[in-house]
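The numbers in UniProt numbering rise by one with no breaks, and the one at position 125 of the sequence shown is 125.
Bear in mind the hints are in silico, worked out from the structure with no lab data behind them.
A couple of the hints might just be wrong.
Once the Cα atoms are required to be at most 25 Å apart in a straight line, the calculated SDA-like pairs of lysine to any residue come out as [to be verified]: (1) Lys269 / Asp249; (2) Lys197 / Asp162; (3) Lys270 / Lys197; (4) Lys93 / Glu133.
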Amino acid sequence: MTIHMQDEAVLTIPAPAKVNLALHITGQRDDGYHMLDSLVVFGGASDVIHFRQSDHLHLSVTGPFSEDLRHEPDNLMVRAARLLAEEFGLKAKADLTLEKNLPIAAGIGGGSADAAATIMGLFQLWDRTVRDETLRAIALSLGADVPMCLEGSCLRAEGIGDELTSGPRLPNDLGLVLINPHIPISTPDIFKNLKSKDNSPMGPIPSAFLSATALAEWLSEQRNDLELAAIAQAPIIENVLQALNDDGDCLLARMSGSGATCYGMFATKKHAEYAARRMAFSHPNWWVSHGGVQ
């Protein structure tokens, strides 16, 4: 995760999209949490959070998706700030500005990424030290996706998303295109409509993929077990996947998380950029982004 100091008063941290390259649902615990096995990367698009010292806690939201969050005064960022302040024995004081560039309820962990970036930023703004396991516990209390967003690099997530191990080495120039048809998806509804919750985990993951083609070939043998249930709720997802698959440079197309965002994998970031331009031209009502991964 890259951290920028714009000046002495402002700390800026990106909150990149969390993309599930594969997502297998392997069971459900007695407490209702679902078990999973997922290969996760970060990138393609990002929210951005600016931190300033203040004598109170204040959150303002800007950006193309800001209106969707204006009526959530107790969102994950605010909760993260209060939990971290409580851990440090402090009053929660900071001025936070969120540039909301990621669509809401989109299957790319926007809220979780924002919460993780808030933890990272306030940890520095307040100049405190804390054990890694304490940060992870705070992150997990905010949601199963927040610990992996706190890691912010290619990883394998198991358990309920809290058992994290380093993922394989990926090609440096790997490119992704992210597309969302501006349809919010209810994650609880998707899980409720799953036909099977006891599916096989992912196959053995190589330690490194030397090319995007090799990665795409391995991923083609994996799944997103939520995809069919999401398509039943929002059939337009199938149109997004078809548009990506119809692009001659796309190596693999799949839905991320519980949708409706889908990703297309490309051999290079430049290929992804050109494909994103084509998609945005052909489908001006869709949200389209592109970039590398980490």
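Identify every previously stated hint that the structure contradicts and give their numbers, smallest first.
3
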